[in-house]
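> What follows is the residue order along each chain.
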Amino acid sequence: NAGVMQNPRHLVRRRGQEARLRCSPMKGHSHVYWYRQLPEEGLKFMVYLQKENIIDESGMPKERFSAEFPKEGPSILRIQQVVRGDSAAYFCASSPGTGSLYEQYFGPGTRLTVT
Amino acid sequence: GNSVTQMEGPVTLSEEAFLTINCTYTATGYPSLFWYVQYPGEGLQLLLKATKADDKGSNKGFEATYRKETTSFHLEKGSVQVSDSAVYFCALMDSNYQLIWGAGTKLIIKP
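Keeping their order, the protein sequence lines are chains A and B. Residue numbers for the first sequence follow our numbering, so the first one is 1 and each next one is one higher. Residue numbers for the second sequence follow our numbering, so the first one is 1 and each next one is one higher.
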């Protein structure tokens, strides 16, 4: 059973470009979480999705950021018109259910660098 | 609001030394508490967890006890190895099932 896959592992974008980060959850997992880790800081929750639904996006910046988890295919975190402050590591996690009984399994992360 | 504070790193120890990484939290209610580990170039892995007061989580020789009275969940290991070198994150799960994270503590073990 493959773990959580994220790609690309490293992404370089110039200011103003779009960044698309992909996350394929573990087989059988229908819950996906996205976290951002700014340099020298801990992870911060961004969004929680189930298939075709955004359950909680309270950690997402109001502008330029969006996320989806379609019925088929990976979850996508999209950042439009990137700025230098978006440079960070973005981690995706998946779980078979929600709550403390269900471990969140993490991918290796995508390191976004905005030049 | 909910928050997690853990000791700053890096923590540098010699092999076979005793390890403590402090973690304290602020939360309403009684959240579940977690320690995650991130080895170089890899994603985060759950190391151990505790879901209620006085619970002790343990795995791979690491232990942490959920202390309600001191709002702490310190990570300990009796004898560290070079392979334990990693970044360790303390986290709590809030009522919305979000994980709230500490800043991480880098552990360096020298042979």
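Treat the hints as calculated values from the structure; they're not laboratory data. Fair warning: there could be bad hints in the mix.
Claimed, not checked - Calculated lysine to any residue pairs in the SDA-like style (CA-CA distance at most 25 Å, straight line): (1) K52/B with R9/A; (2) K51/A with R15/A; (3) K68/B with Y39/B; (4) K56/B with P111/B; (5) K60/B with M26/A; (6) K60/B with D56/A; (7) K77/B with E16/B; (8) K44/A with E8/B; (9) K27/A with H10/A; (10) K27/A with Y39/B; (11) K106/B with K62/A; (12) K62/A with G1/B; (13) K56/B with H10/A; (14) K51/A with P40/B; (15) K62/A with N96/B; (16) K110/B with E69/B; (17) K44/A with E16/B; (18) K77/B with G1/B; (19) K44/A with S66/A; (20) K44/A with S14/B.
Keep in mind it's a predicted model, so treat the numbers as computed, not measured.
> Would you mind marking each hint as holding or not holding in the structure?
Status of each hint after checking the structure:
no.	hint	in the structure
1	K52/B with R9/A	36 Å, violated
2	K51/A with R15/A	31 Å, violated
3	K68/B with Y39/B	29 Å, violated
4	K56/B with P111/B	29 Å, violated
5	K60/B with M26/A	24 Å, holds
6	K60/B with D56/A	34 Å, violated
7	K77/B with E16/B	9 Å, holds
8	K44/A with E8/B	18 Å, holds
9	K27/A with H10/A	24 Å, holds
10	K27/A with Y39/B	23 Å, holds
11	K106/B with K62/A	32 Å, violated
12	K62/A with G1/B	20 Å, holds
13	K56/B with H10/A	37 Å, violated
14	K51/A with P40/B	31 Å, violated
15	K62/A with N96/B	19 Å, holds
16	K110/B with E69/B	35 Å, violated
17	K44/A with E16/B	33 Å, violated
18	K77/B with G1/B	30 Å, violated
19	K44/A with S66/A	16 Å, holds
20	K44/A with S14/B	32 Å, violated
This entry does not satisfy hints 1, 2, 3, 4, 6, 11, 13, 14, 16, 17, 18 and 20, going by the numbered hints stated previously.
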